[in-house]
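In case you want the letters, here they are:
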Amino acid sequence: MMSSQLPALQVVLPLLGAPFCFLLWRYPRWSWALATLLSWSAFGVAIMLLIQVQNAGTIEYAFGGWQAPWGIEYVVDQLNVLVLLIVSGIAAVVFPYSWTSVQREIDPEQQSLFFTSMLLCLAGLLGITIAGDAFNLFVLLEISSLSTYTMISMGRDRRALTASFQYLIMGTIGATFIIIGVGILYMLTGTLNMQDLATRIPDLGTSRASQVAFGFLITGIGLKLAMFPLHLWLPNAYAYAPSAASAFIAATATKVAVYVMVRYVFSIFGVGFSFETMHIQWLFVPVSVFAILFTSIVALFQRDIKRMLAYSSVAQIGYMLLGIGLVNVTGLSAALLHLFNHALMKGALFLAMGAVCYRIGNTFIDSMHGLGKQMPWTMAAFVVGGLSIVGVPLTTGFVSKWVLIQGAIENGWWPVVAVILVASLIAMLYIWRVVEAAYMKPRPEGAESITEAPASLLIPLWLLAAANIYFGANAQFSMELAQSAAKTLFNSAVVGF
Amino acid sequence: MLLCEQQTPRGLNQLPRKKTEMELAVNITLLLMLCATVFAVVKLQSLFAIVMLFGIYSLLSAMIFVALDAVDVAFTEAAVGAGISTVLMLATLVTTGRWKKKPERSGLLPLFVVTITGAALVWGTLDMPEYGNPANPAHHHVADRYIAESPTEIGIPNMVTSVLASYRGFDTLGEVIVVFTALVGVLSLLQVRRPRTFARKQDNRPDTHRRRPYPVLQVVALIMMPFIIVFALYVQFHGDFGPGGGFQAGVIFAVAFILYTLTYGLDDSLALTPLPALKILAAGGVIIYGGTGVVSMLLGGNFLDYNVLAANPVSGQHIGIIVIELGVGITVASVLITVFYAFVTRAERNRAGEKQVDLPNKAD
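The listed protein sequences correspond, in order, to chains A and B. First residue of the first sequence: 2, per the working numbering; consecutive thereafter. First residue of the second sequence: 557, per the working numbering; consecutive thereafter.
Just so you know, the hints here were simulated from the structure itself, not pulled from any lab data. On a predicted model such as this, the values are computed, not experimentally measured, just so you know. Be aware that a few hints might be false.
To spell it out: a stretch of chain B is covered by chain A in this simulated footprint if at least three of its residues, at any positions, have a beta carbon under 8 Å from a beta carbon of chain A; those stretches are [as the list claims (entries may be wrong)]: (1) 625–632; (2) 681–693; (3) 891–901.
Residues of chain A clear of chain B, computed beta-carbon distances all greater than 12 Å [unchecked claim]: (4) Pro8; (5) Ser145; (6) Pro287.
To give an idea of the chain A side of the interface with chain B (calculated C-beta under 8 Å), a few residues [stated by the list, open to error]: (7) Trp26; (8) Tyr28; (9) Trp67; (10) Pro70; (11) Ile73; (12) Thr117; (13) Leu121; (14) Leu147; (15) Leu189; (16) Thr331.
We put the CB at the ideal spot given by N, CA and C, even for glycine.
Extracted from the complex, chain B is given alone in its bound form (with noise of 0.2 Å):
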C-alpha cells in the first residue's frame, strides 16, 4: 500500500520518461508468459486448470498494467480479473463438472477468423505512435487538461479517481448498472433459496453436527473477516489518494462474505446477509449514484455536476465522488454476494440430489 501511495500523486513537473530496456524486456517477459498461458488454455481439457490458468492471466495483465503505469486498472484487474471471477468460474465448475466435453465442430473455421483478426491487428499497430513516446496524442490532448487542471478543478490527487469519477462520470455510473444488469440477468436464471429445505432431506444428523465441518478454517476466517473489511474500507474511502476506489472495495468487501460462505455454509450466510438485503442495497447503490446526479440537476447544475453540491465547488467535487464511490461500492459488493450465492444454491441442489434437467423458471 505504502508503494502505491508514494508512486501515484503524480506531480506536475515529474514528466513522462522514455522506457529502458530493462523496461522493455520485463514487458516482452510478460506478454510471452501470457501467450504461454492462452495456449496452455487451448490445449489442456481440465476445466480446473483452466480456471486457475485464467486467474493467472489476470494476474499476468495486471502486471502489465503496473509497468504501464496504470496502477488503478492493475488494481481492479487484480480484484476482479485474478480474483472475484476465478471464484465464480469455480462455483461454475461444482455444477458442470471439471472436464470440458470434446467439440463437436472443427475449430478451423475460429482458428481462421482469429488468424485474420491477429494478423489485422499486427498489420495495424505497424504504424502506431511510438510505444512509450511521451509526444504521442493520447498523452496530450484531453489529458493535458486532466494533468493540468484536475487538482484545482476537482482537488485530489490521484488524477485517475477525478477522471473516472466526474470528469466521466456518467461512464462510471453506467458501469455500475452493467454490474446491476448481470445481477437482473444471474437471479432471472438461478433463483437463490435457502438451501436447508433440500440439505435436510439427505442429511438427518443433527444441526451442530453439519455445521462444524471444518473448525480450523472457520476459525481462522472468522479472524480473517474483520481485517479484509476493515482493508475494503480503507480501499474505498482511499481511492481519492492512491489506487483504490468503490469497484475494488466491491469486491474485497464481498470476498469476506464468500470466505464464510466457504467455510460456514449458504445456510448461516443467508442469515447473517439476507436476500432481500442484498437485492435492496444492490439497487440502493445504484439509485445513490444516480440520485447524486438528480440532487445535482435539483440544484441547478447538469447531471452529476458536483460543483453545485456545495458553495465551494471542490467541496462539492469531494462530496459528489466521496458519494458515488460508496454508491459504486455497495453496488458492487451486493451485487457479487448475490451472484456467489446464486451459483451456491444450484450447486446444493444438484448435491442434493435434484437433476440439473430443469431450470427454475423452465416449464415445458
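Bound conformation, chain A alone (with noise of 0.2 Å):
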C-alpha cells in the first residue's frame, strides 16, 4: 500500500515536516535533526520512484483520489525522476553540513527558522518537479521562492537583504509571468492538467493567445532559471546567502527551472510548436552563446569567490539552454546531463566555500592565500570541483560537455563548439587564480594560523565531490537516463508524457 503513496509522500514529508521544524524554534539542534532525517528520506523515496519509473513506466498519482484533469496530479517519469533524485539527493548531503555552517553565520534564535526554510525550500523544489498540474506547480514554486528569500536575507552581510529583495522583485515578476501564461492557457483550454493541457494545445493551432501564452511562460521561467540578461538577481543572491543556502540553492533551484522549461517547451507546448512554430532556438541560442562567454570573462574579475561560482553558473544554465536551442536528441540529452552534474559540481564548489568561510570568515580570494596547506582536504575539494567546471576528462563536467559538442557537431554548428572551447579555457582560467591564491602564494606573515575544517563539514563536501568523479567515470547511469528522457521527449510529441 505505501508504495503506491510514494509519490505524494516524495513532497509531503519535508513539507508537513516543516512546520514541526518550526515548533522547535527553542531547539534548533532538534529542529535541525528533524529536517536533515526528513531529507534523507525524501532521497530514499526518491530512490524508490527511480527504481518503480524503471520497472514500471510512468506513475500517476491522484490527489484527494480525484482523478486528472479534475483532481491534482501528480506524474513520475524518466525526465522527472532524474531531478526528483538530484534535488533530494543534494538535499540529503547539504542538510547535514548545514549545523556545523550555520553556527558560525546565523544566531541561535533564528537557526530553526533557517532550517524550516531549508525544508520548505525542499518541499516546494520538490513539489515543482512531481506536479503534474501547472498551477499546482505555480503554488509549489511560491513556496520555495518565498522559503529562498527567506534564507538568503539570514546571510550575515547586510547586502544579503538587498540581495534577497531584489532576487524577490524579480522572483515575484517571473511568477507573475508564468501565472498569466498559465490563465491564459486555462482560458483557451478549460484545463491545467499537463497532459491534458499537451492533447488540447495543438488543436489551438497558432492562435495568438496561445502564442502569447508561451511567451509569459518562457519569459517567466527564463526570470527564475537566471537565463542571461535576466540574471541579475542571481550574483549577489548566492554570494550573500548562508553557505549552506548557497549550496543548496545553487545546486538545485536553477536546475528545477531548467526542468520546467524542458517540460514547457518539449511536454507541454510539444516540439512542433515551440521549434517550429514559435522558433524558440533562435532566443535560447544567441542568448546562452552570450551567456557562456560574457559571464565567464565576468567571473574572471571577482575577488568574492562565491560571486565568482554565481557567474559561473549562469553560464552553466548557458550550456543547458543551449543544449535545448540545439533541437536535437543528443542536445537534449546533454542538457538534462548536465543538469544532473552540474548540480553535483556547484554543490562541491559552494560546499568548499563554506568550510572556508567557517574557518576564516570570508571567502575572498586575498583572504585564501596558502590555504592549500592549511586547509588540503577543503581546497582539494574545491580543485575536485574545478577540474569538474572546466570539464577535464573523468570528472562529470567533462560527460555533459564532450555530449553537447557532439550535438552541436550533428548540426554543423561549428562556432558552437569553438565557443564550448573557449568558454572552458576562461573557466580553467578563473578556477586557476583560485588554486593559484591557494597553493602558491605563501600565507601572510602574522596571519592566525587555520586548521582543516571539522569533518561536519568535509564529509558531505567530500561525498559530492567524489560524486564528481565517480559520475564522470562511469557516466553510463545519468546517460541513459537522461537518453532515454530526451528520446521519449522528442518521439511522443502529441502525447508528451
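Put the complex together from the two separate chains, hints included.
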C-alpha cells in the first residue's frame, strides 16, 4: 500500500515536516535533526520512485482520489525522476552539513527558522518537479521562492538583505508572468492538467493567445532560471546567502527551473509548436552563447569566490539552454545530463567555500593565500569541483560538455563548438586563480594559523566531490537516464509524457 | 450576507446568461477607475496616499470580481487586498516614513518593458474566446464535471468550496503553507519582543496613565470585538453554503486583534495572545490540514481523499472540508496577527529611540 503512496510522500514528508521544525524554535539542534532526517527520507523515496519508474514506467498519483484533469495529479516519468533524485540527493548531503556551517553564520534564535525554510524550499522544489498540474506547480513555486528569499536574507553580510529583496522583486515578476501564461492557457483549453494541456494545445493551432501564453511562460521561467540577461538577481543572491543555503540553492533551484522549461517546451507545447511555430531556438542559442562567454569573463574579475561561482552558474545554465536550443536528441540529453552534473559540481564548490568561510570568515580570494596547506582536504575538494567545471576528462563536467559538443557537431554548428571550448579555457583561468592563491601564494606573515575544517563539513563536501569523479568515470547511469528521457520527449510529441 | 446567500447556490438549470450592455458599461467604468488609480499611484509622492490607493485598487478589483460572478474571490480580495494588506502597509510606513525617495535610476527601461508586455497582452487577447460566452472552453471541460457531479459527490451547495477544498484541496494546502512560509520569512527578519523593556526607558509615567490614552476608541473597540469574532466564525463555518471559508474568516478574526492592538497597545495585546501560542497555532493549522491528508492515507485512500474519513463518502467529504477549513482559518489568523505584531514591534523600537540601523540578526 505504501509504495503506491510514494509520489505524495516525496513532497508531503518535507512539506509537513516544516511546521514541526518550526515548533522546535527553542531547540535548533532538534529542528536540524528533524530536517536532516526528512531530507534523507526524501532521498530514499526518490530512489524508490526511480526503481518503480524503471520497472513499471510512468507513475500517476491522484490527490484526493480525484482523477485528473478534475483533481490534481502527480506524474513521475523518466525525465523528472532524474531531477527528483538530484534535488533530494543534494539536500541529503547539504542538510547534515548545514548544522556546523550555520553555527558560525546565524544567531541561535534564528536557526530553526533557517532549517524550516530549507525544508520548505526542498518540499517546494520537489513539488515543482513532480507536479503534473500547471497550477499546482505554481503554488509549490511560490513556497520554494518565498523560502529561498528568507534563506538569502539570513546571510551575515547586510547586503544579503538587498540581494534578497532584489531576488524577491525579480522572482515575483517571473512568477506573475508564469501565472499569466497559465491563466491564458486555462482560458483557451479549460484545463490545468499538463497531459490534458498537451493534448488540447495542438487543437488551438497557432492562435495569438497561445503564442502570447508561450511568451509569458518562457519569460517567467527564464527569470527563474537566470536566463541571460535576466540573471542580474543571481550573483548577489548566491554570494550573500548563508553558505549552506548558497550550496543548496545553487545546486538545485535553477536546475528545477531548467526542468520546468523543458517540460513546457517539449511536453506541454510540444516540439512542433515550440520550435517550428515559435522558433524558440533562435532565442535560446544566441542568449546562451552570450551567457557562456560574457558571464565566464565577468567571473574572472570577481574578488569574492562565491560571487565568481555564481557568475559561473549563469554560464553553466547557458550550456543547458544551448543544449535545448540545438533541437536534437543529443543536445537535449546533454542539457539534462548537465543539469545533473552541474548540481554535483556547484554543490561541491559551494560546500568547499562554506568550509573556507567557517574557518576564515569570508570567501575573498586574497584571504585564501596559502590555504592549500592549511586546509588541504577542503581545497582538494574545491580543485575536484573546479576540474569538473572546466570539463577535464574523468569528471562529470567532461561528460556533459562532450555530449553537448557532439550535439553541436550534429547540427554542423562549428562556431558553437568553438564557443564551448573557449569558455572552458576561461573556466580554467578562473579556477586557476583560486588554485594559484591557495597553493602558490604563501600565507601572509602574522596571519592566524588555521586548521582544517571539521569532519561534519568535510564528509558531505567529499561525498559530492567523489560523486563528481564517480559519475565522470561511470557516466552510464546518468547518461542512460538523460538519453532515454530525451528520446521520449522528442518522439512522443503529442502524447507528451 | 443574505444577498450572497441567494446568489451562490447556483442550480443546474440556471444557465449562465449572455452579458448585457449594462454590465459592459459597469465593467468598463470599473476598469477605467482601476487605470486611474494606477496612474495616481505612479504619480504621487506620498506613500500614505499610495497605500490608500492600493486599498481602493483592491476594492475596485473586488467589484470587478463580483461583476464576473466570482463572489468568493471578491470576498477574499476585499478582506485580504483591501483590508489586511492596507493595515500591514500602514504599519510599515510607521517605520519607513511616508514620503517616496527620488528614484536613483531613470524609469525609461521599466516603462519600455511594461509597454512591450502590455502590447503583447493586448495583441494576444484580440483572438481570445469571446468575453462572457457560455460556450467558452473555460466554462466546459473540467467545469462541467464540477457542476454536474459535485452536488452528489461532495454534497455542499457552494461549488467553489468543493473545488478549492476537495477537488483541488492540495493546492489550497499549498496556499496555506505559502502563508506559513511568509510568517517564517517575517520572523527571520523582525523579531517580536515585548516592547515594555524599551518603552519604559522613555516613559516613566505610571502604567495606568499610559494605558488609557484613547478611552472612547478603546470602549468602541471592545464593543466591536465580539461582533467581529462572531462574524469571523460565521464566515468560517458558512463557507460550505455561501462565499467564505478559512482564508476570509482568518483575516476577519485577525482584524479583531489588530483593532485591539491599535487601541490598547502591543503590551496588552501580547498578554492576551502570547507569542508562543500564536506560533503554535500557526504551525498547528498547517498540521491540522496536512494531518487530514495523512489520516486519509492511513485509512487507505490517497492524500486528502476525504471519502474514506467516514462510512458514507459524502459525510466524509463534509468532515474533511470542515476540518481543513478550520486549519486554514487558524493558520491565517495567527500568522496575520503575528506578522502585525512583528511590524508594530519594529515601529515601537524606533519610537523608543533605537536606531533603525541594526536589524536584530545582523551582527556585522
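Here is how each hint holds up against the structure:
1. 625–632: violated (count 0)
2. 681–693: holds (count 7)
3. 891–901: violated (count 0)
4. Pro8: At roughly 9 Å from the nearest Cβ of chain B, Pro8(A) sits no farther out than 12 Å, so the non-interface label is violated.
5. Ser145: The claim is violated: Ser145(A) sits with its nearest Cβ about 9 Å from chain B, within 12 Å.
6. Pro287: At about 18 Å from chain B, Pro287(A) clears the 12 Å cut-off, so the statement holds.
7. Trp26: Since the shortest Cβ distance to chain B is 7 Å, the answer is holds.
8. Tyr28: violated, 13 Å
9. Trp67: holds, 5 Å
10. Pro70: OK, holds: Pro70(A) within 8 Å of chain B, min 5 Å.
11. Ile73: holds, 5 Å
12. Thr117: holds, 5 Å
13. Leu121: holds, 5 Å
14. Leu147: holds, 4 Å
15. Leu189: holds, 6 Å
16. Thr331: For Thr331(A), the interface hint is violated, since the closest Cβ of chain B sits about 33 Å away, which is over 8 Å.
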